[in-house]
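**Q** Listed here are the chains, written in short residue letters.
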Amino acid sequence: MESGSVFDPVSPMAHTISTVFIIVLIIASAVFLLVAGLVTFVIIRYRARPGQGDPKQWEGNLKIELTWTGLTLLVLLGLFGLTVFTMDDASPATASEQPDIVVVGHQWWWEVRYPAANVVTANEIHIPSGQRLLLQLESADVIHDFWVPQLSRKMDMIPGNSNKLWIAANTPGLYLGACAEFCGPQHAWMRLRVYADPPEQFSAWLADQAQLAPLPSDALAQRGQQLFQEQTCVSCHAVTPNPTENKVGPNLAHFASRATIATGVLTNTPANLALWINQPQDVKPGVRMPNMKLDVEQIQALVAYLETLQ
Amino acid sequence: MSEIPLVPENHVPLPNVSSSNGLLAWVASVDHKQIGIMYLLTTLLFFLVGGIEALLMRIQLAQPRFSFLSPEAYNQIFSMHGTTMIFLVVMPMLIGFSTYIVPLHIGARDMAFPRLNAFSFWVLLFGGLLLYFSFLAPGGAPAVGWFAYAPLNERPFSSNLGVDYWALGLLCTGTGSIAAGINIIVTVLTLRAPGMTMRRLPVFTWMSFINAFLIIFAIPILNAALAALLIDRQLGGVFFKPSESGSALLWQHLFWGFGHPEVYIMVLPAFGAISEVISVFSRKPVFGYAFLVGSGFGIALLSFAVWAHHMFAVGLGDPLNLVFGGASMLIALPTGIKVFNWIGTAWGGSIRFSTAMLFALTFIIEFTIGGISGVAFAVFPIDWQLTDSYFVVAHMHYVLFGGTMFAVFAAIFYWFPKMSGRRLSERLGKWHFWLTVIGFNTTFFIQHILGIIGMPRRVYTYPDLPGWGWMNLVSSIGAGILGLGVLVFCWNVVYSFKRGQPAGDNPWDAWTLEWATTSPPPPHNFAQVPPVRGRRPLWDLHHPDNTDAQNPKVSED
Ligand SMILES: [Cu+2]
Ligand SMILES: [Cu+2]
Chain A
1 MESGSVFDPV SPMAHTISTV FIIVLIIASA VFLLVAGLVT FVIIRYRARP GQGDPKQWEG
61 NLKIELTWTG LTLLVLLGLF GLTVFTMDDA SPATASEQPD IVVVGHQWWW EVRYPAANVV
121 TANEIHIPSG QRLLLQLESA DVIHDFWVPQ LSRKMDMIPG NSNKLWIAAN TPGLYLGACA
181 EFCGPQHAWM RLRVYADPPE QFSAWLADQA QLAPLPSDAL AQRGQQLFQE QTCVSCHAVT
241 PNPTENKVGP NLAHFASRAT IATGVLTNTP ANLALWINQP QDVKPGVRMP NMKLDVEQIQ
301 ALVAYLETLQ
Chain B
1 MSEIPLVPEN HVPLPNVSSS NGLLAWVASV DHKQIGIMYL LTTLLFFLVG GIEALLMRIQ
61 LAQPRFSFLS PEAYNQIFSM HGTTMIFLVV MPMLIGFSTY IVPLHIGARD MAFPRLNAFS
121 FWVLLFGGLL LYFSFLAPGG APAVGWFAYA PLNERPFSSN LGVDYWALGL LCTGTGSIAA
181 GINIIVTVLT LRAPGMTMRR LPVFTWMSFI NAFLIIFAIP ILNAALAALL IDRQLGGVFF
241 KPSESGSALL WQHLFWGFGH PEVYIMVLPA FGAISEVISV FSRKPVFGYA FLVGSGFGIA
301 LLSFAVWAHH MFAVGLGDPL NLVFGGASML IALPTGIKVF NWIGTAWGGS IRFSTAMLFA
361 LTFIIEFTIG GISGVAFAVF PIDWQLTDSY FVVAHMHYVL FGGTMFAVFA AIFYWFPKMS
421 GRRLSERLGK WHFWLTVIGF NTTFFIQHIL GIIGMPRRVY TYPDLPGWGW MNLVSSIGAG
481 ILGLGVLVFC WNVVYSFKRG QPAGDNPWDA WTLEWATTSP PPPHNFAQVP PVRGRRPLWD
541 LHHPDNTDAQ NPKVSED
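Chains as they are written, first to last, in this note's numbering: chain A, 1 to 310; chain B, 1 to 557.
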């Protein structure tokens with residue numbers, strides 16, 4: 001399931017590309033076999049034999065030259081035709097429709113907005129399966145690139161220059177992706193998870209995301225909530241699903257429902273979360289979240305609180 | 001092959017403090033042969049440095065989530081590896097060959113501007129040292145990749161001096177390259193021996209000549225971009241700052257406007273060397289001289305019209321994509337013509353499998369793999385998936401290592417006897433060859449697959465997804481084997497330089513003018529330039545009753 005291979009497409013767009021790629025690979029193999037075969041033949045047939053003098057001296061033949069020039073040109077024309085006929089299916093025009101989802105690349109995490117539902121989340125994108133969705137791709141800092149091979153082509157996220165991209169997943173499942181443009185020290189840990197849910201499940205998920213997570217009831221978590229406000233966590237992280245201002249860090253309103261911490265570095269378990277809050281710079285060196293020098297008690301409270309953000 | 005020619009021992013043709021032509025004679029030299037050798041030695045040294053960087057990276061990537069290198073260290077090293085191999089190894093190494101060979105090929109005493117020649121070399125060395133000095137600067141070397149995309153290359157995101165060293169270093173090497181380009185052009189145009197018409201130039205010299213034009217048109221684009229970047233970084237300019245009305249994409253257009261011609265700057269002279277080697281060791285003239293040369297022109301012109309194929313993922317729109325995709329496919333045509341002509345050269349020959357020839361023939365196969373995957377990218381729906389993945393890392397190493405470096409090894413085995421007076425050991429050469437072929441393909445072939453299953457490039461580590469771990473391990477093991485091959489090669493150079501079999505003037509029984517003089521040639525190159533009545537003056541000299549001019553099959557079309 002967690003494949004992420006170009007040859008495992010689940011959308012019409014990715015499927016087109018995979019087919020084009022297979023056709024080109026077949027042509028490429030034929031060309032390669034031709035060249036390698038000729039070289040091998042030459043090596044075996046024309047190796048110098050003892051006592052043999054200089055071979056016949058001749059250089060070139062216009063007919064042969066024109067033949068292989070023509071044949072190469074034909075192959076290339078074929079490839080050009082293939083490109084022309086498939087480029088629209090591979091990446092359909094995006095015209096002026098409103099995007100279903102806005103994805104903003106940040107040094108080294110993904111901000112995910114659902115404008116219609118007024119929901120902001122991060123690092124995991126949920127989509128309804130069986131539907132084509134339009135993404136708007138932006139960047140908050142440097143160039144990133146949105147790449148989920150099974151769902152669509154890749155597309156750059158360029159500061160000051162937003163792009164649009166269709167994605168789809170015909171079958172429900174988890175599809176892995178990553179940032180594909182070098183974007184600084186932690187480019188490696190800018191992983192992306194796209195969940196395609198059956199449509200009803202997706203609607204339920206979205207409705208749930210729009211709600212505030214229930215307020216913590218136990219004392220430790222309440223203490224954590226208080227610390228979250230006091231320890232400046234809140235200046236970088238929103239804990240409401242529809243904040244009015246943009247923050248430096250990912251939205252944590254439903255953090256506990258996510259599978260990973262820090263864009264793929266750790267799986268989301270309480271122990272890992274404690275590790276992360278304690279030493280973000282050790283877990284993901286260079287990350288834009290400082291070591292807060294918290295004590296064990298504070299960390300436990302914060303973990304208890306964040307675990308309630310389902 | 002068997003008889004050892006009795007030739008006098010030659011003087012030591014290397015920088016050497018203790019000999020009569022001591023170090024100072026080299027530092028102050030304006031002789032194209034000494035400068036050429038200094039180019040080759042310098043670039044070999046940087047090749048070892050870049051190779052060590054590559055090995056460090058492959059160690060770090062051998063296992064998922066390995067922590068052999070810190071992220072900062074890895075990012076600096078991969079940036080320096082790319083920059084080093086491109087600007088301090090491949091390009092100047094080929095320029096070094098041109099510097100040594102072109103005057104000999106055309107029967108000249110030296111380059112047109114000997115002092116400019118020295119300047120080119122020294123400014124290259126200075127640029128290289130400046131670049132490496134950045135490791136000592138606070139914050140270390142640049143960590144933005146060899147392509148240094150904006151706005152990551154700007155102060156807000158790369159505040160250390162690394163990028164400034166990078167820009168200044170490349171401005172130096174670039175200036176040196178432009179000077180070298182001008183020098184080669186003027187040399188070929190004005191210093192040819194009587195009878196050496198343009199239509200009789202050896203293919204290597206033709207490719208060096210065309211390459212020189214590529215250099216003088218492409219490098220200024222880079223220099224302009226670097227100057228603009230320095231203005232941004234040091235004087236508060238906004239060229240590439242989208243947050244202040246600059247443009248991040250402007251950098252890409254400039255960089256690839258230089259960068260794609262650069263790809264051919266790194267390969268045309270290699271094509272030329274391959275043409276010489278295959279012809280000599282097949283005992284036949286090159287097949288389709290006019291097509292080999294003409295396709296070089298075609299490549300040079302087209303290479304300025306394909307840069308945006310590096311930008312298919314930025315969202316240029318399909319009309320532009322089609323123009324650049326189409327042009328990129330078209331450039332495969334002259335390249336394909338060359339491949340077929342090399343096979344045609346060997347066809348019907350009497351092939352002698354020296355190490356040079358082994359590398360040259362294998363070059364055809366490896367380069368074809370890189371060429372074909374390149375054409376696949378021009379079918380841009382494929383590029384939309386695979387750009388910036390490990391597939392590209394595989395592709396470009398098939399072009400630059402399987403292509404250019406294999407050709408460079410062939411060229412070194414071919415011309416080392418001329419430069420040093422001694423042959424490289426063929427026995428060590430075979431070891432070097434097989435280790436390189438096995439190591440190279442083990443390292444890079446599997447990276448195609450890694451790209452297809454979703455591994456982005458330029459990552460310092462990766463999650464433990466199915467297949468990723470063992471494939472990366474295989475690649476790393478391959479890199480180790482490749483490293484061994486390079487060690488054998490270095491030993492061969494050192495050993496053969498001292499103990500190698502004396503070469504004589506013309507150990508390969510080759511036909512171009514450099515083989516008409518002694519090995520190494522005297523300071524003035526030729527006591528007497530043989531008459532040039534065709535493309536193969538030494539063939540004509542040795543076969544007075546069957547000269548190329550008399551043979552209807554060997555026309556001068
Ligand atoms: Cu990124
Ligand atoms: Cu290119």
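Keep in mind that the hints are not guaranteed to be accurate.
[Unchecked claim] Here are the simulated DSS-like cross-link-like pairs (lysine-lysine), alpha carbons at most 30 Å apart as the crow flies:
{"hint": "1", "chain 1": "B", "residue 1": "553", "chain 2": "A", "residue 2": "63"}
{"hint": "2", "chain 1": "B", "residue 1": "553", "chain 2": "B", "residue 2": "498"}
{"hint": "3", "chain 1": "B", "residue 1": "430", "chain 2": "A", "residue 2": "56"}
{"hint": "4", "chain 1": "A", "residue 1": "63", "chain 2": "A", "residue 2": "164"}
{"hint": "5", "chain 1": "B", "residue 1": "241", "chain 2": "A", "residue 2": "164"}
{"hint": "6", "chain 1": "B", "residue 1": "241", "chain 2": "A", "residue 2": "247"}
{"hint": "7", "chain 1": "A", "residue 1": "56", "chain 2": "B", "residue 2": "241"}
{"hint": "8", "chain 1": "A", "residue 1": "247", "chain 2": "A", "residue 2": "293"}
[As the list claims (entries may be wrong)] Simulated coverage check for chain A against chain B, where a stretch passes if three residues somewhere in it have a Cβ under 8 Å from a Cβ of chain B:
{"hint": "9", "segment": "16-22"}
{"hint": "10", "segment": "76-86"}
{"hint": "11", "segment": "95-103"}
{"hint": "12", "segment": "196-205"}
{"hint": "13", "segment": "273-281"}
Think of the hints as simulated: they come from the structure by calculation, not from any bench. If you're wondering where the values come from, they're calculated on a predicted model, not measured in any experiment. By construction, the Cβ of each residue, glycine as well, lies at the ideal position given by its N, Cα and C atoms.
**Q** All hints are to be evaluated individually against the structure, with a verdict given for each.
**A** Checked hints:
1. This hinted pair checks out: residue 553 of chain B and residue 63 of chain A have alpha carbons roughly 14 Å apart, not beyond 30 Å.
2. With a C-alpha separation of about 43 Å, the suggested pair residue 553 of chain B and residue 498 of chain B falls outside the 30 Å cut-off, and the hint is violated.
3. Proposed proximity of residue 430 of chain B and residue 56 of chain A is supported: the alpha carbons are some 29 Å apart, at most 30 Å.
4. Proximity of residue 63 of chain A to residue 164 of chain A is assessed by CA-CA distance (about 49 Å); at most 30 Å being required, the pair is judged violated.
5. Only pairs whose Cα atoms come within 30 Å are accepted, and residue 241 of chain B paired with residue 164 of chain A is accepted, the gap being roughly 22 Å.
6. Proposed proximity of residue 241 of chain B and residue 247 of chain A is supported: the alpha carbons are some 21 Å apart, at most 30 Å.
7. The hinted pair formed by residue 56 of chain A and residue 241 of chain B fails the criterion: a straight-line CA distance of about 63 Å is larger than 30 Å.
8. A distance of roughly 21 Å separates the Cα atoms of residue 247 of chain A and residue 293 of chain A; the hinted pair therefore holds under the 30 Å criterion.
9. Check on the segment 16-22 of chain A: 4 of its residues sit with their Cβ under 8 Å from a Cβ of chain B, so the three-residue criterion for coverage holds.
10. Residues of the segment 76-86 of chain A lying with their CB closer than 8 Å to a CB of chain B number 7, which satisfies the three-residue condition for coverage.
11. A count of 0 residues in the segment 95-103 of chain A with a Cβ less than 8 Å from any Cβ of chain B is obtained; the coverage claim is therefore unmet, three being the minimum.
12. Given as covered by chain B, the segment 196-205 of chain A fails the check, having 0 residues with a CB less than 8 Å from a CB of that chain where 3 are the minimum.
13. Here's how the segment 273-281 of chain A fares: 0 of its residues keep a CB closer than 8 Å to some CB of chain B, so the rule of at least three is not met and the hint is violated.
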